[in-house]
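Enquirer: Which chain is which? The protein sequence lines are A and B, in order. In this text, residue positions in the first sequence follow our numbering: the first is 1, and each later residue adds one. In this text, residue positions in the second sequence follow our numbering: the first is 1001, and each later residue adds one.
The hints are simulated quantities; they were obtained by calculation from the structure and are not laboratory data. Careful: at least some of the hints might be erroneous.
Listing some non-contacts, in silico: residues in chain B with all C-beta distances to chain A over 12 angstroms [stated by the list, open to error]:
hint: 1; residue: L1042
hint: 2; residue: I1050
hint: 3; residue: L1236
Quick list of in silico lysine to aspartate or glutamate cross-link-like pairs, EDC-like style, CA-CA up to 16 angstroms [said to hold, decoys possible]:
hint: 4; chain 1: B; residue 1: K1027; chain 2: A; residue 2: D105
hint: 5; chain 1: A; residue 1: K148; chain 2: A; residue 2: D105
hint: 6; chain 1: A; residue 1: K214; chain 2: A; residue 2: D234
hint: 7; chain 1: A; residue 1: K183; chain 2: A; residue 2: E138
hint: 8; chain 1: B; residue 1: K1027; chain 2: A; residue 2: D103
hint: 9; chain 1: A; residue 1: K214; chain 2: A; residue 2: E56
hint: 10; chain 1: A; residue 1: K83; chain 2: A; residue 2: D9
hint: 11; chain 1: B; residue 1: K1032; chain 2: A; residue 2: D105
hint: 12; chain 1: B; residue 1: K1138; chain 2: B; residue 2: E1222
hint: 13; chain 1: A; residue 1: K83; chain 2: A; residue 2: D10
hint: 14; chain 1: A; residue 1: K26; chain 2: B; residue 2: D1171
hint: 15; chain 1: B; residue 1: K1032; chain 2: A; residue 2: D144
hint: 16; chain 1: A; residue 1: K83; chain 2: A; residue 2: E41
hint: 17; chain 1: A; residue 1: K214; chain 2: A; residue 2: D232
hint: 18; chain 1: A; residue 1: K186; chain 2: A; residue 2: E138
hint: 19; chain 1: B; residue 1: K1027; chain 2: A; residue 2: D144
hint: 20; chain 1: A; residue 1: K224; chain 2: A; residue 2: E41
hint: 21; chain 1: A; residue 1: K148; chain 2: A; residue 2: E189
These numbers come from a predicted model, not from an experiment. Glycine included, C-beta positions come from ideal geometry on N, C-alpha and C.
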Amino acid sequence: MPDTLVEVDDVSMLYNISREKADNLKEYLIRALKGGLAIDEFWALRNVSLRMMRGESLGIIGLNGSGKSTLLKLIAGVLQPAKGRIQVRGSIAPLIELGAGFDYDLTARENIYLNGAILGHSRAKMNENFDEIISFAELEDFIDIPIKNFSSGMVARLGFAIATISRPDILIADEILSVGDMKFQKKCESRIAEIVNNGASVIYVSHSVESVRKLCTKAAWLHKGELVRFGDADSVCDAYLEGLD
Amino acid sequence: MRKLYSRLSVVWKYNNLLKELVIRDIKVRYRKSVLGLLWTLLYPLLTMIITTIVFSSLFNTLPNYAVYFLSGSIIFSFHTEATTSAAMSIVGNAGLLKKIYIPKYLFPLSRVLSSLVNLGFAFVALLLVMLATGAPFKPTLLLSFIPIFYLIIFTTGLSLSLSALTVYFRDVNSLYGVLALLWTYMTPIFYPISIIQDKYSWIYEWNPMYYYIDYLRSLILEGVMPGMVPNLICLLCGIASLGIGWFIFNRTQNRFVLYM
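The shape of chain B in the complex, shown without the other chains (with noise of 0.2 angstroms):
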């Protein structure tokens, strides 16, 4: 008891560095850039837009693909930013850490949080699609929170994870942004998973972004909220991934120092 108090009066201490962190990355981010933040919400939109024209023909039989895309592509883009950022989070501090006793967690979870504001953009950006394509709002829309909350945890997960392991191996971060891509496709972001065969359905069924991406279509494009199942795949995901980074960032950061 007193141990877990002790933890979390250190964690309230470093709450406003983790603050500032976030608000470096944002910044530093957008120096020099004459559009600076609107880049957030223009980056999804522009991306959406090419990707509507390219691919809208080829999938005509989903009903409003702009949003079906953007949906997905926005969930997704926030986890693989995150992750890959936050890869290379410890690794960019180095001199900092090597220097001055900081708990080490706040870097790989600053890059979380500065993706989730991106994220939000992202989202203002979504709801201006719907208003400009005449989708239905659908009063489910409001609990978008929830997938996303699940995703974070997801998320934090696997890049405390990638943080610890590209001290040990800078090789981690290469190979991570090729897998992120691989990733990216296997993933129906751009295409409706009708188009994948039975014999492949391995291909989604063991991927949890899919579960996470299908959470938020189902409550924005179909109106309906996710039952049980759903629910407790994303929860039970978020869970396994972040006691997985937890422990093996737990068990390897007090040697950071000596491999950086």
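Excised from the complex, chain A in its bound form (with noise of 0.2 angstroms):
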């Protein structure tokens, strides 16, 4: 029985932009006392419904500000909908910045650790994958060096291999495969070919049509926050290159 690992039904998202722009008490009081505190209404996402099956890989295209990220955002339990309910059966491994939970005062075994039980694992899960991480991030020289020292290209690379330690049941990866040089780069698209083997589900954000096509089997077009087509593949990317021209 194929069951639904994640469900988004009728969300939408707003934003709240003039009330972002007052942090401070100062601006807050006058603004508030100009009745300046109106609310300008930014719906990033509107009346998105969709839903992704075991086995199952969904990318999500769209231009730049149609709300991809917020979805991603939305589907990782980092922002809560301001309508509408999501759902996400199984655990997910997010790919989304690799590095962000790194301290870089840190050295590279710490943060090792650190961004472990970020992602929700034990030490003891931690101390058997250490290896497999160095050796993957290929930093075998660089462990006890605070990681402020590493090229952003190292960064990325440990980041990747920390991330990917887990064999979970949804990836989600926001445009990732566009760091690191071309070796990296292959050694990246083959771990998550792997995981997807493993029977993982994979979200993907792209601009690229292409690398849509190559690692899912449904996509879902976002234009100004909704949804213009949700389905397989390949007629979603054809429409979409389609609606572009």
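Mind docking these for me? Both chains are given alone in their own frames, and the hints should help you get the complex.
Expert: Written out as structure tokens, the structure reads:
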């Protein structure tokens, strides 16, 4: 029986632009006195519904500002929807901006444990995977060096290696394949393919229609916060390319 | 019941992260310092020596000024250190909270716990001073964990409130810095309560920190276990603070990400 992993049910997301700027008391009071606290509403997503079954992988395509990342953050649980309901069954490994959980004053070794804990892994599990992480990230000579001295490619390699040690049900990837050199990109791609072959589903956000076709079975096309089309990856990608012209 | 269970299992799942965050706080603070963790012991000792030199002749009615000062000051330092660092804990981890789902209360809580580790060292410093000054060790000293436990509840509540409010108004952090200084002087830490005139007694009567400090001093200096009333005051102040903090934090936490 195919079970639903992700269910997005009539979800809308509202950003409130004017209030975001008044982040100190003075500005807030001035605006309040002027009556300028009227809310500039901006709907980043409107009434989006989609579902992903186990074994499927979902690509989200659309132009800049179409709400792709917002949808991803809602699924990852970082944001709460203004309206509607999101249900996720199973574990999520977010590959969103690698290294977001690093403390740059700590060494690679210390960051492996910290970042592992952020992703919900125990110290024992990190010990088990420690050597694999270091060798995948190719950082054998830099284990005890604070990562503020690392190049951005080294940080991304470490982040990717830590994020992919678990075998999650859902892998969320936000254009991460654009980091690192060609050789490392190849390595990342084969690691993702391996996780997918193990039965995980991928939710992938990209501008690149080609990689969505390659990685995903289903696709969702967003435009200005609205779901234009959702369905089979090839047909949605075709329609999207047509729509661009 | 089911809801409570799922809540608790989430707390358990992130228990490891809380530990790692506390370790990080402590490691980062003493990175690049030669004496490292030893500073948590040295700092209260050195401030005590300075304060004792400056004020002990002024307040010579107190029999053991060094112990009197230090017992108040380590408790108050724990409170200010925890609350001021917790105030920035959500905003300071904005990068992380915007990317990955983590229970947000972990950040202020980790600051309270890492300050508690420091309090542990400071307490050792207090014991060393008692030895050095020949202060009598009362058996009630062993009960010191009681006021500290009450205080942790109080401090955690205030930390939750401050960390949430700072997300909306960054001024809260600066404003609290000033208020914390005022609070320090309004609490009988380096002066005896007897120098406050009766008409100003509200200064300490309405100050929760006074009760926590007074409780600890009564255990350490007088060897007396405080009665029902101080216990109730300490506990109720703690519960009120935690209730307010929990309420503010819960009401606002879903929108933190939008304001950072």
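Enquirer: Could you work out which of the previously given hints the structure breaks and list their numbers from low to high?
Expert: 21
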